[in-house]
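Trainee: Going down the list, the sequences are from chains A and B.
This note's numbering applies: residue 1 is where the first sequence begins, and numbers increase by one.
This note's numbering applies: residue 1 is where the second sequence begins, and numbers increase by one.
The hints are simulated quantities; they were obtained by calculation from the structure and are not laboratory data.
Ideal placement from N, C-alpha and C gives every residue a C-beta, glycine not left out.
There may be inaccurate statements among the hints.
Sample of chain B residues at the chain A side, in silico, Cβ under 10 Å [what the hints assert, rightly or not]:
1. Asp75
2. Gln97
3. Glu236
4. Ile397
For lysine to any residue, the following SDA-like pairs were computed, each having C-alpha atoms within a straight-line distance of at most 25 Å [said to hold, decoys possible]:
5. A/Lys124 with B/Ile152
6. A/Lys189 with B/Phe195
7. A/Lys387 with A/Gly475
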Amino acid sequence: MSSDEAFFASNPLQNAGGRSPASRLLQHNDGSCDPAFASCEPVPFDAVAERPEFPSASTNPCKLCTPLGACLAFRGIAGAVPLLHGSQGCSTYIRRYLISHFREPVDIASTNFSEDTAVFGGRKNLHVALDNIGRQYRPALIGIATTCLSETMGENMPMLIGEYGAEARDLPAAVDRPALVYVSTPSFKGTHADGFHAAVRALVETLAEAGRKSEVGGQKSEGEGRRSEIEDRKTEIPPRRVALMPNMVSPADLRHLRDLCSEWGTGVTLVPDYSETLDGPSWADFERTPAGGTTVAELRALGGAPAAIELGHVLARTEHTAGTHLKSKFHVSLHRIGLPIGVRACDEFSAAMEAATGREMPRRIALERGRLVDSYVDAHKYLAGKKAVVYGEEDLVAGLAVFLAETGVTPVLCASGGRTKHLADAIFGAAPELRGRAEVREGSDFGDIEARAAELKPDLLIGSSKGYKLARSLGIPLVRCGFPVHDRLGAQRIRLLGYAGTQELFDRIVNAVLETKQEDSEIGYAYL
Amino acid sequence: MKTTMASEGSPDLSIQPSTLKPSGIEILPSRVASIAEAGKPGKGVNCGKTSVAGSVSQRACVFCGSRVVLYPIADALHIVHGPIGCAAYTWDIRGAQSSGPQLFRNAFSTDLQELDVIYGGEKKLERALLELIARHSPKAAFVYGTCIVGLIGDDVNAICKSVAAATGIPVLPVASEGFKGTKKDGYKAACEAVFKLIGTGDTAGISPFSINLLGDFNIAGETWVIRDYFARMGVEVVATITGDGRIDAIRRCHGAKLNLVQCSGSMTHLAKKMQAAHGIPFKRVSFFGIEDMSAALYEVAKHFGSDELMEKARAVVRDEVGKIYPQLRAWREDLKGRKAAIYVGGAFKAFSLVRALRTLGMRTALVGTQTGDAEDYNTLREMCDPGTIVVDDSNPIELAKFCLEQDVDLFIGGVKERPIAYKLGIGFCDHNHERKECLAGFVGMLNFAREVHASVCSPVWNFVPRRSRCRSLLAGDSEANASKLAPASGLKPTEAVA
């Protein structure tokens with residue numbers, strides 16, 4: 001089988017080739033992961049013959065709904081409160097899911113639809129919610145995201161938000177008008193990763209201005225009067241800060257990215273930056289919204305950024321993003337590269353930083369790179385021939401697969417619940433040596449992954465804690481990373497990015513393999 | 001000796017007069033009527049309403065109510081008809097344990113996509129049910145409706161009927177569209193679905209001394225503990241609804257002579273329906289705390305009018321209390337005078353917790369629930385000490401305000417409340433879905449005390465800024481204070497009593 005054939009045979013979306021565009025769309029939207037079921041264990045009746053062309057049910061999802069991603073992105077803006085336009089449950093479930101990962105307060109408001117709201121529309125609920133958030137949180141920004149309910153009702157959000165802005169509100173004087181940013185996140189379209197990117201894009205599209213950079217430090221923007229500490233800190237902002245859209249990464253990785261930029265001698269505006277808001281210190285005093293995050297003023301100043309960097313192999317193939325907006329509207333030079341995991345992807349990041357700053361790689365970073373390569377060599381025989389299953393958000397999967405290929409581990413299965421249709425191109429574009437060796441599955445779930453793993457017999461799993469059940473049944477190690485990690489402490493502090501972050505991940509992978517070897521050995525090796 | 005070490009070792013904050021200033025956090029005008037203070041006259045607590053928009057309620061939705069109640073039925077297929085989120089967020093969400101089938105711990109969803117929303121999801125649901133039932137051979141299937149199913153008008157009932165006919169198992173629609181009421185309405189929808197099963201099984205051979213347990217969900221194995229007590233009394237437990245639940249047991253549970261309703265908020269509706277349809281009386285009980293657990297056993301003995309049962313119940317209580325009492329007394333020495341906040345789903349659990357905390361010498365300074373009714377709140381106002389805040393459907397900001405103003409040492413709640421407590425330097429006990437410690441029965445009281453003690457008396461509070469500041473304010477001398485806060489003064493009591 002040629003590499004192309006192998007790829008096509010394993011990609012449910014590509015299998016639809018040769019049909020009319022309309023029928024392709026239908027199938028694309030009609031559930032997940034058909035080929036898996038064709039190859040899974042026999043069922044009581046003739047499953048293959050009876051089975052509809054595309055499966056109807058998802059078993060143990062490998063994705064979450066779009067509003068979750070939007071809420072996460074909004075939590076990375078200073079003084080921001082996310083607001084979901086829909087049922088109370090959406091905000092509560094998402095809060096619980098995020099809290100179990102970050103172990104931090106995650107307040108997400110809801111417009112709290114009732115039956116009446118579903119009939120008469122959510123105008124009043126939205127306006128009351130905005131008032132109440134203002135009173136309780138004194139926010140600098142409210143990030144409004146829709147849900148399947150309000151989207152199905154067809155709520156005209158821009159109009160409702162516009163009306164709120166135009167009306168006089170009966171609020172205490174201390175409550176400033178926050179910036180309002182709206183993003184459409186119907187849960188029946190895309191995944192949490194798509195919701196995240198849509199919210200990042202909405203933040204930049206709504207707020208970025210062409211203004212002069214010198215305005216950043218001095219002038220306070222609307223709704224920010226109360227956030228004086230942040231404003232004070234911001235007066236130190238160097239005039240030319242790189243815009244960095246980091247993708248859905250951990251707070252520790254966000255801090256690391258900021259450190260890297262500072263090593264390269266540039267300031268950076270991360271969109272979003274939940275490095276402190278979702279991994280903060282114990283409180284000395286009650287905090288309405290946790291300290292930290294990218295400020296509204298910083299977002300406004302993005303139009304003047306000298307360069308923008310957008311991380312993610314799949315995101316780089318997305319037509320409209322925050323980065324493309326900055327490029328097309330403000331002529332900011334845009335670098336679209338993969339998540340910097342592994343030597344090649346980190347080198348690309350370094351090249352982008354060189355281009356943005358005009359500096360060569362700082363010695364500290366060069367040393368980190370050197371150590372990473374050195375450890376590749378130290379470990380290469382332990383990893384030779386090992387097979388891994390990687391799963392999760394498409395950009396994480398692509399980043400991990402490209403990195404693993406460097407180390408001698410074959411990512412035999414690269415699975416995501418997403419369906420952007422870019423995952424295979426993203427992986428094989430950045431690591432062509434994986435063609436014919438890695439199976440790429442979009443629209444996958446853990447039922448699908450389990451069925452494929454039975455055949456592929458991987459040595460380890462790499463991804464979120466949701467793979468634990470599978471790792472346990474296969475008796476193989478799970479290297480936890482990405483989102484969510486609900487069964488370990490320190491999910492906020494797992495690093496993957498940069499040479500140093502990759503180093504931590506690499507050591508964990510090698511040691512997982514060594515530990516298995518040691519545990520499985522009757523001898524009980526003391527040297528490995 | 002133990003107590004001496006305790007008073008030297010643990011950060012002794014709560015029993016000092018609080019010098020913390022009021023938190024300065026305002027309550028939303030539309031929320032004021034839902035808050036009361038025990039010992040003060042005033043109107044009843046405003047409750048039973050949908051949450052205030054923008055308030056950040058700790059409640060979930062109708063779907064959540066149905067899902068948490070039905071979820072522990074272990075040999076059923078639970079499929080969520082809607083977009084992926086509702087299934088993803090409830091995948092293996094509860095600690096509910098099963099002694100057999102594990103099918104319930106999977107998340108099945110129709111994962112509705114945009115075109116399904118436009119053209120309807122009925123066919124997809126039907127295919128999903130047929131596939132999954134063929135693959136997993138469940139004893140029954142529950143189909144949960146979500147928000148948009150209510151909007152796009154899928155006839156879920158009709159699909160369930162046709163699939164039931166095709167597969168020969170009960171396929172039960174659960175009308176749990178998220179926006180159609182509150183979590184309580186979800187409980188009701190779950191009860192309606194379960195009720196359809198009851199009365200369809202054979203009741204031959206059921207003992208005259210027989211009960212059903214309603215409203216225990218076997219989080220951390222609690223159903224098994226309770227079953228054991230009743231087995232020792234000679235009382236047969238026909239069905240547990242829904243902890244470690246089985247379809248066949250539920251189908252024949254109308255043969256039991258008494259229903260014990262533990263989580264009254266979720267299951268009273270079912271008990272009333274069973275009383276009307278099958279003539280089975282019910283009693284509201286609680287299995288949390290020594291007092292309530294003992295009362296539950298005695299109630300059952302009394303109901304059956306058997307001296308022998310009563311004697312056996314006394315023996316169970318005597319044995320079990322004897323086992324835990326010495327350890328409880330030791331922990332009580334460390335905990336007495338400490339203050340606690342309670343925020344839980346249902347009021348009956350809150351009652352039990354107020355009493356259980358008293359057993360430990362602790363005072364409840366704040367108590368709130370998501371779904372309590374007017375009568376529940378009156379009871380709470382009466383049973384709590386004057387000054388205790390009583391609140392319905394609270395939110396993180398209010399809870400933080402009351403915790404600060406009451407200067408509590410412990411918060412009892414669920415995952416969503418945990419970070420509020422921790423960020424403010426307050427101990428925490430998970431009494432919700434994700435707990436891993438059995439908290440019911442007598443052994444549960446011991447586990448509860450252990451958890452409370454471990455959190456409240458931990459040395460980590462010595463390093464938490466809010467607590468350090470509190471101490472320095474109290475001492476008025478930062479240097480003297482620093483020595484008190486040295487790690488050497490950390491936790492001794494646990495070691496002493498362990």
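Trainee: Now look at each hint and say whether the structure bears it out.
Mentor: Hint-by-hint comparison with the structure:
Interface restraint check: B/Asp75 against chain A, minimum CB-CB distance 16 Å, threshold 10 Å, status violated. With a least beta-carbon distance of about 15 Å to chain A, the hint placing B/Gln97 at the interface is violated under the 10 Å criterion. For B/Glu236, the suggested interface contact is broken, since its CB lies about 34 Å from the closest CB of chain A, more than 10 Å. The criterion of a C-beta within 10 Å of any C-beta in chain A is met by B/Ile397, whose closest approach is roughly 5 Å, and the hint holds.
Restraint check: the Cα-Cα separation between A/Lys124 and B/Ile152 comes to about 23 Å, which is no more than 25 Å; the hinted pair holds. About 36 Å separates the Cα atoms of A/Lys189 and B/Phe195, which puts this hinted pair outside 25 Å; it is violated. This hinted pair checks out: A/Lys387 and A/Gly475 have alpha carbons roughly 14 Å apart, not beyond 25 Å.
Against the hints set out earlier in the document, violations occur for numbers 1, 2, 3 and 6.
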